[in-house]
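Once you've looked at the hints, dock chain B against the given chain A.
Here's the letter readout for the chains.
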Amino acid sequence: MANLEIIEDEFKERDASLPRETEIKIENLCVTFPDKNGGEPIIALSNVNLEIKQGEFISLLGPSGCGKTTLLRTIANLQDQTSGDILVRGLSPREIRLQKKYGIVFQSPVLYEWRTVRRNVCMPMELLGMPKKDRTARVTKMLELVGLMEFGEKYPHELSGGMQQRVNIARALAIRPEILLMDEPFSALDEFTKEKLHEDLLKIWKKTNKTILFVTHNIQEAVYLSDRVVVLSPHPGRVSAVVDINLERPRPIAIKESQEFNALVSKVRNSFEGV
Amino acid sequence: MIQIKKVLSSKYIVTLVWVIGLIILWEIGATVIAGSKRSPENILPHLHQIIQSVFTTNKVNGTQTAFQMVLSNTGTTLLRAGIGFVIGAGIGFLLALLMNLFLPIEKILFPYLMMIQMIPILGMAPIVLAITKDINKSRIIIAAILTFYPVATNTLAGFQSVAKEKHELMYSLAASKFEIYRKLMIPSSLPYFFTGLKISAPMAITAAILVDTLQGGAGLGTVLSQSLKHATTIYIFWQIVFLSAMIGILSFYFMLLLEQTVSPYKKKKKK
Chain A
1 MANLEIIEDE
11 FKERDASLPR
21 ETEIKIENLC
31 VTFPDKNGGE
41 PIIALSNVNL
51 EIKQGEFISL
61 LGPSGCGKTT
71 LLRTIANLQD
81 QTSGDILVRG
91 LSPREIRLQK
101 KYGIVFQSPV
111 LYEWRTVRRN
121 VCMPMELLGM
131 PKKDRTARVT
141 KMLELVGLME
151 FGEKYPHELS
161 GGMQQRVNIA
171 RALAIRPEIL
181 LMDEPFSALD
191 EFTKEKLHED
201 LLKIWKKTNK
211 TILFVTHNIQ
221 EAVYLSDRVV
231 VLSPHPGRVS
241 AVVDINLERP
251 RPIAIKESQE
261 FNALVSKVRN
271 SFEGV
Chain B
1 MIQIKKVLSS
11 KYIVTLVWVI
21 GLIILWEIGA
31 TVIAGSKRSP
41 ENILPHLHQI
51 IQSVFTTNKV
61 NGTQTAFQMV
71 LSNTGTTLLR
81 AGIGFVIGAG
91 IGFLLALLMN
101 LFLPIEKILF
111 PYLMMIQMIP
121 ILGMAPIVLA
131 ITKDINKSRI
141 IIAAILTFYP
151 VATNTLAGFQ
161 SVAKEKHELM
171 YSLAASKFEI
181 YRKLMIPSSL
191 PYFFTGLKIS
201 APMAITAAIL
211 VDTLQGGAGL
221 GTVLSQSLKH
231 ATTIYIFWQI
241 VFLSAMIGIL
251 SFYFMLLLEQ
261 TVSPYKKKKK
271 K
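Protein chains in written order, with the UniProt record's numbering: chain A, 1 to 275; chain B, 1 to 271.
Hints in this document: simulated from the structure, not taken from any laboratory.
There could be a bad hint or two in this list.
Subject to a maximum C-alpha distance of 30 Å in a straight line, what follows is the list of computed DSS-like cross-link-like pairs (lysine-lysine) [claimed, not checked]: (1) A:K25 <-> B:K183; (2) A:K133 <-> B:K183; (3) A:K101 <-> B:K164; (4) A:K154 <-> B:K59.
Not everything, but these chain B residues come out facing chain A in the computed CB check (under 8 Å) [to be verified]: (5) S9; (6) L173; (7) A175; (8) K183.
Some chain B residues flagged as far from chain A (calculated, every beta-carbon gap over 12 Å) [said to hold, decoys possible]: (9) S176; (10) L184; (11) S263.
These figures come from a predicted structure and were not determined experimentally.
Think of the CB as a built atom: it goes at the ideal place given N, C-alpha and C, for glycine as much as any other residue.
If we strip away everything but chain B, and leave its shape as in the complex, we get:
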């Protein structure tokens, strides 16, 4: 009896129940929608159909299967998201450093940074596009804009959370400002910096896909919107939905892995 309780309360069981529940809901939905279908393809296909579509050898555009098409566009989108993410993270870190070094900068800058963050991406994208006049550049810039804010705020919080005694130790040793940042502030705020990265990595990818949808060219978002407009098969849409969800989650874990490599003491703490 106790053993059954233990099994039931374990994390895996909870996850399993969720997954099974979602699958059942999905299949009910798919069946209902299939019954009232007005389009040639089922908008909400059964799960097994989606899985089948991944492995099928049927070409959708003469040269590629659905999945090949998705994969080749994934690379394009990921590259843009990646470049934007790195630029955004760099700017975010520098901004945090500047804001911490000069209090007036924090006071002047912070409210505006927050405002930039509150503009919806889809509202911002046309503005950026109008300025840069290049869709690929704007895709990168928007990924960067979404990235820098979580990185900047988290890193700043990291700088500000350094214990008073740690500062006093540096002060008692007559450390210079540069030494204080190099030996205390930056290493101490690394976990916060990585928290920022973990939040913004999936966001950069989401942003890159969303901005893709605005205009043609390559990219997951472009293919996604084509698929939704029935220009290609609907399975491409669902493959992208699942794949991008997986990439988003993976990007989070990739940051976690990076963090554990950079700061080994954290990894040991987990054991």
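The following block holds chain A by itself, in its conformation from the complex:
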């Protein structure tokens, strides 16, 4: 489905011999929310340390209440940190956001229902001030990329959930973001659609070499997609383990039945604390 020839200009496949640069560096990050009833503040994230390299596919995995979404939102500058440091390419999350370098894929597609698919994908480019001709060409490319060429003139409510999520991804990629932040993007989709989108996402990721942060509560999903799985545990939200997923790429769907894969799934499962 994903047609990759069309984004030839963005191919920057990594030279494996070069060392990867650090993209995101998180040190002693704490995020607390004030308690609504005036009690003790709630600790959403406690003392998180994490270093993410350029082009890595990282999953933030954990049960609800573990702060995985809070971590993503803090990196995205949608949430303020209480203490600690986050540096993205040497800058603060706020500076990166103002430079429009983030592509965010929300859990719900967040499409503008009064805009057609094409104009939804186009919206971030309008904010970027791209000339109309470039925008049109880019939208066409993006729709081809996510396999929605025939649906450009449809309105969001005319699409299935999986298609809407594809539009969401196309929109996030449209402005050529350096970092793709995905907040449980596939959790509402059925198993078949999800697998298809997994494959497509991996292809897009490989070709564009973007850094991807992927929040999920699904262990299989995290293991299948990621280079590394960051396991978060709740009360208070903290990183309890970082598991390297050294499965060969490209990863066929069948890899999910291999012993190696299942060993990694168990390893990840066993690294949760206090659930």
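Positioned in the frame of chain A, the structure of chain B alone reads:
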């Protein structure tokens, strides 16, 4: 048997039963009142008499038939209602924008807007008339006053109902306030704005007719009150009642049509 049930439960049957029921009630009423009549004309004429009066060629004031007179005054009233409606809708939208942009304005303004709305039109009309000293201007102003409130409250509700994620998307793309309003808030609240228009369009027309009755000059309300005082034929009264009801309903559908033209995605949703 099932088919009969289906027919009986259909929307059209319900409407038909209502219409027939109302006609029967009307005719009973007309007959009763005709039997006890004290005025030269029957105050509650039979329906066929009203319909006849529309097509009759008898002149009521030397130059026009009853229906011609009603129609020419309809134009005058509609124009006033229309101007008032457009002004009111514009002010309503701007007020909603201001209230949403500056929270203190909402807090200060909103209770007073509600109070203006609670004053009956007929109580407000003399005040407006005293201020403007011109009946035609006051007719327009009162139509505007009745229009702006539903538009302002509905549009404000529209602004406030924009999903948090949609705001976050704009925020993550570092959109300016102007861009947020242009690309998100205003298009997103359009259905609410139109709900306001749909509520206030018939109200503007009602207001224009009501305020007409206060003073002479042209206008449906003026002719209506003349007719009620037996200065002209009573059929003019009934023609106006039916015609203005129809115009009120049509004004609603006109807004619906306008909405579907402006926001095509809504039309597709209905299919």
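So, going through the hints one by one against the coordinates:
1. A:K25 <-> B:K183: 34 Å, violated
2. A:K133 <-> B:K183: Holds. K133 (chain A) to K183 (chain B) sits at ~19 Å (cutoff 30 Å).
3. A:K101 <-> B:K164: 21 Å, holds
4. A:K154 <-> B:K59: Between K154 (chain A) and K59 (chain B) the Cα gap is close to 58 Å, so the pair fails against 30 Å, i.e. violated.
5. S9: 29 Å, violated
6. L173: 5 Å, holds
7. A175: 5 Å, holds
8. K183: 6 Å, holds
9. S176: Since the minimum Cβ distance to chain A is about 8 Å, S176 (chain B) lies within 12 Å and the statement is violated.
10. L184: The claim is violated: L184 (chain B) sits with its nearest Cβ about 7 Å from chain A, within 12 Å.
11. S263: Given that some Cβ of chain A is not farther than 12 Å from that of S263 (chain B), nearest at about 6 Å, it is violated.
Checked against the numbered hints above, the structure breaks hints 1, 4, 5, 9, 10, 11 and satisfies the rest.
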